[in-house]
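Undergrad: Using the sequences provided together with the hints, build the complete structure.
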Amino acid sequence: ISSLAAPDTASVALRSILINLVRNRDVYNAVMAELTSLKLSNPATWKELEGAPLLHAIVKETLRLHPPAGFNLPRAVPAGGRTVCGHYLPEGTTVGMSAWCVHANEDFWGKDTLEFKPQRWLDPESAFKLDRYGLSFGQGARACLGKNIAMVQLVKV
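As numbered in this note's numbering, residues -10 to 146 make up the sequence shown, in order.
Just so you know, the hints here were simulated from the structure itself, not pulled from any lab data.
Every residue, glycine too, gets a C-beta built ideally from N, C-alpha and C.
Treat the hints loosely; a few may be bogus.
[Stated by the list, open to error] List of simulated lysine-lysine pairs, BS3-like, C-alpha gap at most 27 Å:
hint, residue 1, residue 2
1, K36, K145
2, K100, K118
3, K36, K118
4, K28, K100
5, K106, K36
6, K106, K118
7, K118, K145
8, K28, K118
9, K136, K106
10, K49, K118
11, K106, K145
12, K145, K100
13, K100, K36
14, K136, K36
15, K136, K118
16, K49, K36
17, K49, K145
18, K28, K49
19, K49, K100
[Claimed, not checked] Across the chosen pairs, the derived CB separations fall in these ranges:
hint, residue 1, residue 2, range
20, G70, K145, 44 to 52 Å
21, N94, S30, 37 to 45 Å
22, A19, A68, 47 to 55 Å
23, S0, L29, 21 to 29 Å
24, L29, P79, 50 to 58 Å
25, T25, R64, 41 to 49 Å
26, Y77, L27, 48 to 56 Å
27, G99, N137, 26 to 34 Å
28, S87, N18, 29 to 37 Å
TA: Spelled out as structure tokens, the structure:
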């Protein structure tokens, strides 16, 4: 399924980034000031853009609020079954997580979970923790193989 998501997800994510910037003029002005201060080459290199933390935060926050691939991540419960949060799941049961539901969970993201707040990604310690809850590209051994390519596309465009 993940390989089928690739053709449209970058364009969907870019559209969402633009919508968030249009709706949040203060964030737009701040990222433009950040990029102007970097004196980027044309086209900008990835190395140069690594010095733009707000730009990266905007991309991550957009992917959190608007994950472009909206399918669940199905897994089969292993032999012997498992108890998760007090609920027994028999072996072979298919379970899955919705990226959107995880990304809207107040326990992970706070009371303002549905608000576009890229600043939540600017503190390196918080960003490390938040990255663990991000499912826009899946997680673990079955994460999207194109994640790094997609991030380069989204940041550079």
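Undergrad: Confirm or reject each hint.
TA: Verification of the supplied hints:
1. A C-alpha spacing of about 11 Å is found between K36 and K145, which places the hinted pair at or below 27 Å, so the restraint holds.
2. Between K100 and K118 the alpha-carbon distance is near 17 Å, which keeps this suggested pair within the 27 Å criterion.
3. Proposed proximity of K36 and K118 is supported: the alpha carbons are some 24 Å apart, at most 27 Å.
4. With a CA separation close to 37 Å, the supplied pair K28 and K100 exceeds the 27 Å bound.
5. At most 27 Å may separate the alpha-carbon atoms for a hinted pair to count; K106 and K36 meet this at roughly 25 Å.
6. A hinted pair counts as satisfied when its Cα atoms are at most 27 Å apart, and K106 with K118 qualifies at roughly 16 Å.
7. Simply put, K118 and K145 have alpha-carbon atoms about 25 Å apart, close enough for the 27 Å limit, and the pair holds.
8. For the proposed pair K28 and K118, the alpha carbon gap of about 31 Å is over 27 Å, so the pair is violated.
9. As the CA atoms of K136 and K106 are separated by approximately 22 Å, the hinted pair is consistent with the 27 Å bound.
10. Only pairs whose Cα atoms come within 27 Å are accepted, and K49 paired with K118 is accepted, the gap being roughly 13 Å.
11. With a C-alpha separation of about 21 Å, the suggested pair K106 and K145 falls inside the 27 Å cut-off, and the hint holds.
12. Simply put, K145 and K100 have alpha-carbon atoms about 31 Å apart, too far for the 27 Å limit, and the pair is violated.
13. At roughly 35 Å between alpha-carbon atoms, K100 and K36 are farther apart than 27 Å, so this suggested pair is violated.
14. For the proposed pair K136 and K36, the alpha carbon gap of about 17 Å is at most 27 Å, so the pair holds.
15. Between K136 and K118, the direct Cα distance comes to roughly 18 Å. Compliance with the 27 Å bound is thereby established for this hinted pair.
16. Taking the CA atoms of K49 and K36, the gap is about 18 Å. The hint holds against a cut of 27 Å.
17. For the hint pairing K49 with K145, the CA-to-CA distance comes to about 14 Å; that is within 27 Å, so the pair holds.
18. The straight-line distance between the Cα atoms of K28 and K49 is roughly 23 Å, inside the 27 Å bound, and the hint therefore holds.
19. For the hint linking K49 to K100, the alpha-carbon distance of about 18 Å falls within 27 Å, and the restraint holds.
20. Our hint of 44 to 52 Å for G70 and K145 holds, since their Cβ atoms are close to 46 Å apart.
21. At roughly 40 Å, the beta-carbon separation of N94 and S30 lies within the given 37 to 45 Å, and the hint holds.
22. Hint check: A19 to A68, Cβ distance near 52 Å, so the stated range 47 to 55 Å holds.
23. For S0 and L29, the hinted distance range of 21 to 29 Å is satisfied, since their beta carbons lie about 23 Å from each other.
24. The hint said 50 to 58 Å for the Cβ distance between L29 and P79, and at roughly 55 Å that hint holds.
25. Here the CB-CB span from T25 to R64 is close to 45 Å, well matched to the stated 41 to 49 Å.
26. For the pair Y77 and L27, the beta carbons lie near 54 Å from each other, so the given range of 48 to 56 Å is met.
27. At about 28 Å, the beta-carbon gap between G99 and N137 stays in the expected band of 26 to 34 Å.
28. Taken as a hint, the range 29 to 37 Å holds for the pair S87 and N18, whose Cβ atoms sit roughly 34 Å apart.
Of the numbered hints given earlier, the model fails hints 4, 8, 12 and 13; all others are met.
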